[in-house]
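S.K.: Here is what each chain is made of, one letter per residue.
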Amino acid sequence: MRYLPSSPVEDRALLDIIGVPDAEALLVGIPEPLRLKRELDLPTQGSEQEVAWQMMALANKNTRFCAQFLGAGAYDHFVPSAIDAMVGRQEWFTAYTPYQPEISQGTLQHIFEYQTLICDLTGLEVTNASLYDGGTACVEAALMAVRVAKKRNTVLVSRGLHPMYRDVLNTNFDPHDELHLVEVGLKDGVTDMADLQAKLHGDVAAVLVGYPNFLGAVEDLTALAGPIHAAGALLVSVTQEAFAFGWFEAPGKVGADMACGEAMSLGNKPNYGGPFLGFLAVKDAHKREIPGRVVGQTKDLDGRTGYVLTLTAREQHIRRDKATSNICSNQGLVALRANIFMQLAGPEGLRGLAEQNAAKAQYLRQRLLELPDMEAVPGQPFFNEFVLRYKGDMAALQEACLKESLLPGLDLGRFYPEYAGCILWCATELHTRQMIESLVEILARVPATV
Amino acid sequence: MFLRQREPLIFERSVPGKRGMDLAKLDVPAAQDTRPAHLRRSGFDAMPELSEVEVIRHFTRLSKWNYGVDDGIYPLGSCTMKHNPRLNEKVAGMPGFTDSHPMAPDALVQGNLELLYTLQEWLKEITGLPGVTLQPSAGAAGELTGVMLIRAYHVAKGAKRRVILIPDSGHGTNPATAAMAGYEVVELPSLPDGTIAFDDVTDPVNGKVRKGLSTLVRELGTEIAGAMITNPNTVGVFEYRFQEISDLLHSVDALVYMDGANMNALVGVARPGDFGVDVMHLNLHKTMSTPHGGGGPGAGPVCCGANLMPFLPVPVVVRDTVKVGEGEVPRHSYRMDWDQPRSIGKVHTFYGNFGILVRALTYCLSHGSDGLKAATLRAIVNANYIRARLKGAYALHIDSPSLHEVVFSDTNQARHDVHTLDIAKRLIDHGYHPPTIYFPLIVPGALMIEPTESEGKDELDAFCDTMLQIAKEAEEDPDALHQAPTLAPLRRMDETTAARKPVLRWKKA
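Chain order of the listed sequences is A and B.
Residue numbers for the first sequence follow the numbering used here, so the first one is 1 and each next one is one higher.
Residue numbers for the second sequence follow the numbering used here, so the first one is 451 and each next one is one higher.
None of these hints come from the bench; they were simulated from the model.
Incorrect hints may appear among the rest.
[What the hints assert, rightly or not] If you want the footprint, here are the derived chain B segments under chain A, 3+ residues with CB under 8 Å:
1) 469-475
2) 490-499
3) 563-576
4) 584-595
[To be verified] No farther apart than 20 Å at their CA atoms in a straight line, the calculated lysine to aspartate or glutamate pairs in the EDC-like style are these:
5) Lys-907(B) <-> Glu-24(A)
6) Lys-610(B) <-> Asp-177(A)
7) Lys-658(B) <-> Glu-637(B)
8) Lys-951(B) <-> Asp-302(A)
[Said to hold, decoys possible] Some chain B residues judged to face chain A by a derived CB distance under 7 Å, without partners named:
9) Asp-520
10) Gly-522
11) Ser-550
12) His-817
13) Gly-818
Positions of the beta carbon are idealized from the N, C-alpha and C atoms, including for glycine.
For reference, chain A alone in the conformation it holds in the complex (with noise of 0.2 Å):
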């Protein structure tokens, strides 16, 4: 076994200076009748060709695409080279969490500056070093609303938000029967103002909105804020897709009072859904609540700048069963993925990205109304996801576009039965002209309505 650096003579060595005749001997602190009397019943060992051959055969068994017009909460973006490179560094990928600072400054410093960035894309103040995904954010989100708001116990949920951040809220909310979590519907794509203060109430601890929305359609934050507001509850934006942060304004600026989501679009691909890289961002007020890992700036005893994990008194292996969270390991690789990518992109290329999506998505769109069988849906603003209706037999034009290597939109009769027959696109930077000209013309052979 390539991995253990063993052999017979220093194996040997080992075992006479522990004083036993062989590795076996030191199993009896396991009684006898629990050890396991067989071999494993599994493959044996294999060499690093046999292994990579046998996983690249997985990776092939995939279908492999031209383009993907499918974001629904994950999204393929550029990745600039730099960053598996640095990511690649084993002082970076191998090391542990940063409990001894004297020996983790560069994990320290990074989480530090991503801290800062994640309140900058905010506009919040205080954010902590990641959560694992957008659903476990809005969870974590919601019972920290509940905490703040103190003896208010229901939390209202926008249908608008990713249905699975909602189905992975009501799994985390289930145990919890003090606990209340209640849908606000939706009107022309966006939460139903009328239906938000229908159920807005002296209980009500938050309300969890898209920002933009699953249907890609930007949420009027301002306009939530001051009935929210009114009723003493928290606005909690849910951002799954990050480069909207360089189109829409920082949520923390009109009227959010958290901000939580999904980050991945910050310098990954999208990995069949993980690791991705959940973030919450809140108010300064409320630091002392939020949960998880949380860098700060000290000095050390000669007075020189550095960092250190701090407000450790919010966490379990200090609080134990009083933590903010159960949260330990987070998704650190990916916040160092989406820190360098900030660096990389700067204000400028996070706008210039936005505005490359926007413009991708508005033509996309526009193509395809041109087509007899699309039609537009009502609905507001969008950044680079929208819907369309499609009279066309669905069947058909998913079968077309993976014959010609395409994947479509999302058929959004799955999650909203309202929205059957509707598809949801996504067009992002990696789009080109060509792309959607060819997409176009491959709907257009599609057959006509069965």
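Given the structure of chain A, go ahead and fit chain B onto it with the hints provided.
M.R.: Structure of chain B alone, referenced to chain A:
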């Protein structure tokens, strides 16, 4: 490492007008601005402006202030800092995996689904438990999933119950998890050997009586939903009465959750499903060598018994066998089964940290059944070698046979006013990452050392020699240890001020 004393914050290097990323030429008409005026992005306050070379130098210099597994032994107990094979990284970066979309129809991601299914099969055989979900992103997420399964089991039987029992030696995530799942935590006391006490334990200092497992089961009975037990426990000792613990809990239909953080001691040697465990998580970033990444991402799959399988998170990866003619090899197809009416629901937006699961299966295939067992045995040999070489110089608080890690106490050194923190910081001066310190809480001044199977005799000897030298320094020059580290880029940090007056981001002056 440590070539430069200081790399400024990137914000201090920013110069307006610099670019680290060029955009492709826009080949469609420019975007029309359809945004309401108040929702237009106004600007950024901190986003820096630098060239690519400056960003690369920044992260390269910062990296040199870190310590990685390739730098040497990383003896953090309970963290299992083993070698991170480069093959795993290469495989996880294959475009067939990285470009695949989580919303793509199952027929287009057969490779991913087969991979997930295969990894599940490996984990089932390794743990002896028939149900698996790969969704949880980390150990704590796995714990939460497991406890929610326990809750669903009881709810299905009519009552969710109230209490989760957790030993005082358990990881902090255990009680935090139980609370997040809506349970009340009742602590189980340990015996002097670190194992769970069946009988009541009287505290020698304050005379307080703490109820043992037998009393708690008798008194709380069906109020107990389950117990969360780390095995081997956090002092590296196998709970040798585990079967009795399981039987006792099962007698009141309470379930047994095993925290699999220390599974590196058991793979191929003993299977939790064979000694009464109902549900457990594995930390693939420990046991299966996926990198720790400076804090994550990890993966915390949950394995469970048949009694909990109906409640597993959706979707479940299943295999269908396509009927073929006689004499032909059967063909399989894979799919996500969303039709699980009793499921607790989703615990991850999509299907978990897929890229980490790719690495874990690569590790499994590389090791095979024989390599997995050899790794376990070597990890146990390495820990016992360190134990043999350091006992005497360092106090062994618990003398029971230990497996993959060994926990010393600072009581010998405390006589010279040298404490665990001083020893840890002095190790940094000698070029080592310190062990886990002050955990578990049941050992005074704990130094918890887990070398893993990755260390050869030379590396172990060099580490032990250093530890022995530090023990000598503690006697001869204790004050030098109080000053440590002096050779790292920074000396000890003022953590109190950091927490009292938190500075959590850079602000423009």
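S.K.: Now look at each hint and say whether the structure bears it out.
M.R.: Tested hints:
1. 469-475: Coverage by chain A holds for the segment 469-475 of chain B (5 residues, Cβ < 8 Å).
2. 490-499: It holds: at least three residues are needed, and the segment 490-499 of chain B offers 10 whose Cβ sits within less than 8 Å of chain A.
3. 563-576: Coverage by chain A holds here, the residue count being 5 at a Cβ distance below 8 Å.
4. 584-595: holds (count 7)
5. Lys-907(B) <-> Glu-24(A): 19 Å, holds
6. Lys-610(B) <-> Asp-177(A): OK: Lys-610(B) and Asp-177(A) at ~10 Å, within 20 Å.
7. Lys-658(B) <-> Glu-637(B): 14 Å, holds
8. Lys-951(B) <-> Asp-302(A): With Cα atoms ~19 Å apart, Lys-951(B) and Asp-302(A) stay inside 20 Å; holds.
9. Asp-520: With a minimum Cβ separation of about 4 Å from chain A (threshold 7 Å), the hint on Asp-520(B) holds.
10. Gly-522: Gly-522(B) check fails; min Cβ-Cβ to chain A is 11 Å, beyond 7 Å.
11. Ser-550: Ser-550(B) check passes; min Cβ-Cβ to chain A is 5 Å, inside 7 Å.
12. His-817: This hint holds: His-817(B) lies near chain A, its Cβ roughly 6 Å from the closest one there, short of 7 Å.
13. Gly-818: Cβ of Gly-818(B) sits 4 Å from chain A, so the hint holds.
Of the numbered hints listed earlier, the single one contradicted by the structure is hint 10.
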